[in-house]
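Asks: Okay, here's what each chain looks like letter by letter:
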Amino acid sequence: MKIFSESHKTVFVVDHCPYMAESCRQHVEFDMLVKNRTQGIIPLAPISKSLWTCSVESSMEYCRIMYDIFPFRKLVNFIVSDSGAHVLNSWTQEDQNLQELMAALAAVGPPNPRADPECCSILHGLVAAVETLCKITEYQHEARTLLMENAERVGNRGRIICITNAKSDSHVRMLEDCVQETIHEHNKLAANSDHLMQIQKCELVLIHTYPVGEDSLVSDRSKKELSPVLTSEVHSVRAGRHLATKLNILVQQHFDLASTTITNIPMKPTFSVFDQEEQHANTSANYDVELLHHKDAHVDFLKSGDTHLGGSSREGSFKETITLKWCTPRTNNIELHYCTGAYRISPVDVNSRPSSCLTNFLLNGRSVLLEQPRKSGSKVISHMLSSHGGEIFLHVLSSSRSILEDPPSISEGCGGRVTDYRITVVPLASVIVKESLTEEDVLNCQKTIYNLVDMERKNDPLPISTVGTRGKGPKRDEQYRIMWNELETLVRAHINNSEKHQRVLECLMACRSKPPEEEERKKRGRKREDKEDKSEKAVKDYEQEKTWQDLERLKSILERGKEELAEAEIIKDSPDSPEPPNKKPLVEMDETPPVEKSKGPVSLLTLWSNRINTANSRKHQEFAGRLNSVNNRAELYQHLKEENGMETTENGKASRQ
Amino acid sequence: MQADSKEEPPKQHNSLDFLDTRQCFQLSLCILIGNIGLIFIMPTVVVMDVSLSMTRPVSVEGSEEYQRKHLAAHGLTMLFEHMATNYKLEFTALVVFSSLWELMVPFTRDYNTLQEALSNMDDYDKTCLESALVGVCNIVQQEWGGAIPCQVVLVTDGCLGIGRGSLRHSLATHNQRSESNRFPLPFPFPSKLYIMCMANLEELQSTDSLDCLERLIDLNNGEGQIFTIDGPLCLKNVQSMFGKLIDLAYTPFHAVLKCGHLTADVQVFPRPEPFVVDEEIDPIPKVINTEGDEVGTGITDDNEDENSANQIAGKIPNFCVLLHGSLKVEGMVAIVQLGPEWHGMLYSQADSKKKSNLMMSLFEPGPEPLPWLGKMGQLGPISDAKENPYGEDDNKSPFPLQPKNKRSYAQNVTVWIKPSGLQTDVQKILRNARKLPEKTQTFYKELNRLRKAALAFGFLDLLKGVADMLERECTLLPDTAHPDAAFQLTHAAQQLKLASTGTSEYAGYDHNITPLQTDFSGSSTERM
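So the protein lines, in turn, are chains P and F. The opening residue of the first sequence carries number 20 in our numbering; numbering runs sequentially from there. The opening residue of the second sequence carries number 5 in our numbering; numbering runs sequentially from there.
Rather than coming from a laboratory, the hints here were simulated on the basis of the structure. Worth double-checking, as some hints may not be accurate.
To be verified - Here are a few chain P residues that face chain F, going by a calculated C-beta distance under 8 Å:
| id | residue |
| --- | --- |
| 1 | K21 |
| 2 | M51 |
| 3 | K68 |
| 4 | A125 |
| 5 | P129 |
| 6 | E171 |
| 7 | R172 |
| 8 | P366 |
| 9 | V369 |
| 10 | N383 |
| 11 | V387 |
| 12 | Q391 |
| 13 | G408 |
C-beta: ideal position from N, C-alpha, C; glycine also.
Isolated chain P (complex conformation):
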């Protein structure tokens, strides 16, 4: 694919000379008499479009289809030519829409039949077209800037579509020679300019159009290379709908489009007709709608040569269309997994009733599956129509043998047997991910960990969701093992954030690393617990043992120089300690508000306060009691118990809080 191929830049040059005001001699009945009402009234005479009107509406139709399917990177510059060239828009993306062009065309108005034909020429427009092709587009500029020293890779090609009324074949030759010469000159100019680019390749498409019923003075000629830079082709086309058909074929050729006709569209029950009054009595009929899109959406047909699908379009033009059958939309979207591409569409007959019914249906969020008619009668869904954000896309669904046949289950591989990945550990999980922790946060984390230790000791079930698990799920022991593993992974993932994160990990590791004998004892302890009807003694024994071992481990941490903090981890609100005299904490913690986590990035204030607090905390030693407190409550006379080795460690109990 080349972004900067000939179809990146299209210049329309439309003749605005006096003879274009001539009638195309194809009549349009616009005064359609309605039954029951107009007896005895003679309808108004039909009118006919001028050559100019035919040229303009056909080129607008070309642009409409192009903009629908390529809203970006395919640009049009519109020029009309009479006594001079009028450039109606620029290459900028803002100028690339129908409304802009229509407004500019209205300002130009139809050609003046009384103007002096000697002053007018299509040549002005052709020269301006070459000039405009040398002008760099936003996309070319952007690509050149991006490629820096390889900027010369950005190509400059384009196409000139010239609609005129030529006098003869030699007149056509003269126009070609003029374009050829102008390119030569402008390329010389562009070579010395930073704002212009030389034209590498230009495709000239000359369309000679003449009133219906006249003989053409110009003969058709297929594409011919006039020079390494310029190719030219000549189309001699009657005006009126013939011209429109020609431009429709050209837009398909130029932009690699293909046509799909949706057939069997049921319009009665499913559609609300946009204008009730227009609804005819006979609405039960099935309608056809023809869509254009990039031809890649037909990749499966093109390559497999499924010719029986093709039929000629209803309009009898030469182009092929592939017919697909409407399928009643289903809610099951399993088919979409085989989607291999999505392509923008444009209806050929955009404001016909069936087209607008179909597009409105899709724009309202519904989807349509499309079925390939097969000789065998088997049903093959090959495409889907659906809109995303106001744009309709034709989705290609793979219709041959599925490459996803018999895939293995995820449960057969790594991690597939682990039945539960969801354990809620709040608030540790939400706190640990912060970049910096406050002392309060660390305490909170530690409390969470102790809480879990406590739960495990009591053999409490973990608050696990059973969604997605099969059977009973793992044993409780296993659940706890998994939970500890995950918790460790989570905490480890953040230890590099700060020293406080490190402390949380240390606490966690201290609680986790149980020697095997202890595990054994613990199990026995549990059994006893069950057997002996929760014998107080056993529990106490066990608790003391456990506490003792925890203490031993934590002492080593103490020795690593984090005395106060490590103590905080072991000093617990014991049931044996006396009630504090005052329910209120003696010292009000001067906390920094915890960082608002769920609401966007950390504010500057918070960042600053954290910084100040960290700096301050280095300047003085924190009151040990506050550091060691549990729920802002410090225990007194701890050393006595420690010395006696009698202390029981437990997390702050609910009953004491």
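Starting from the known structure of chain P, arrange chain F on it as the hints suggest.
Replies: Below, chain F alone, put in the same frame as chain P:
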């Protein structure tokens, strides 16, 4: 794309309370899971030459006599064994050919069947490559259509046949083909053609065989490669030749899937091929970033280690399983970054109710592969947004993005190429004209729409025609008609006539004809 599922993966998954993804949703890598995941498959067709020349003996000192076909079978055995281990999910077919061709084994994952077929091959007449390649086209298209990439492994001895049907003859007549007897190359599906020659380079260069085979690759748009035996023809050298093929085309693609601190080693099937976005401005193919290849190879080893290793692996939590489960439960997809400005999506793919797996689809490289999601680079965690783009109650969504300019089918454009288009628009005006003054607003709206289009198309006769028509309607008004109707019709007709003169004063595109203020229109009280 799934139309119904929400496609905003950076949104937090509530199920992942523990592994709070809000804080770590910056996927930086590619996926498919180790030995669990597949999922794109690239079928292989092995095309084996069974002409008489393949029975030419190979002189191997000391040992029993080998023929070239034995060497070929040896090499293919090696390939099949490799695939049975590493590419269990690949489909492979075996075709043999001489002057005719035969599908020995249709596409299968059963490598034993393929292996057996190798040992049951008879010898036939002469080499006729073109018909065999036509056969390959048919087989692949019937089975997979035209969109699935296929690898074709052609095993031959470099004797390309004689006379009609020989490769030389095929190539000589290549330019004289009609649509009906088109040469089978390039294959009508994305393909790689690997030619395994049971001959060494010197032997092939002594005739024009090598040139002919190179032509074949050229004809396949350069997609493929020729392999020849280095040194004397023996089992060892055949092995090394097939080893090169395996390295080139059948090495597992390992990568690391990363999501914040969570990672998983994954293997992707088939290997995503380098992708050229624009051969002119960026000729260097884009390849997927694969961090941590070294970790990946460990997975293959586990694989060979039979059940025990698998069982252990099964019990170790894997991020892919977590991700898969979450996506499945929530009906979501996750966006994965494959490289700079290259993305794909991960989702749970199920073929039945029981089996499901993590699947990755690649988008076309570029900043905006899905226009309705906008620039991929601008997607991010909700917590980075100033306010929750989904609203506090999850009651809104920033997606899908609407295009700046509506498409023609969404904006009520005016097209009069067919007379019916014009007639419909005129009829609409007329219908409303008959219901004046109730339909005043609609009447003028339609009138102005027609006026605008007529001015743009320079179709001034139409304006005059419609003006005449409105004047006639005025004369046809029944006695019971509201008096305002006549005023409005006359006013509208007059305005259209003025516009049809084309004078800039009245024919301005942005000018709109407004209803005449009359004493009858009750609402408009402030009048001169």
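Asks: Evaluate each hint against the coordinates.
Replies: Here is what the structure says about each hint:
no.	hint	in the structure
1	K21	5 Å, holds
2	M51	5 Å, holds
3	K68	6 Å, holds
4	A125	4 Å, holds
5	P129	3 Å, holds
6	E171	10 Å, violated
7	R172	5 Å, holds
8	P366	6 Å, holds
9	V369	5 Å, holds
10	N383	11 Å, violated
11	V387	11 Å, violated
12	Q391	11 Å, violated
13	G408	3 Å, holds
In summary, the numbered hints that this structure violates are 6, 10, 11, 12.
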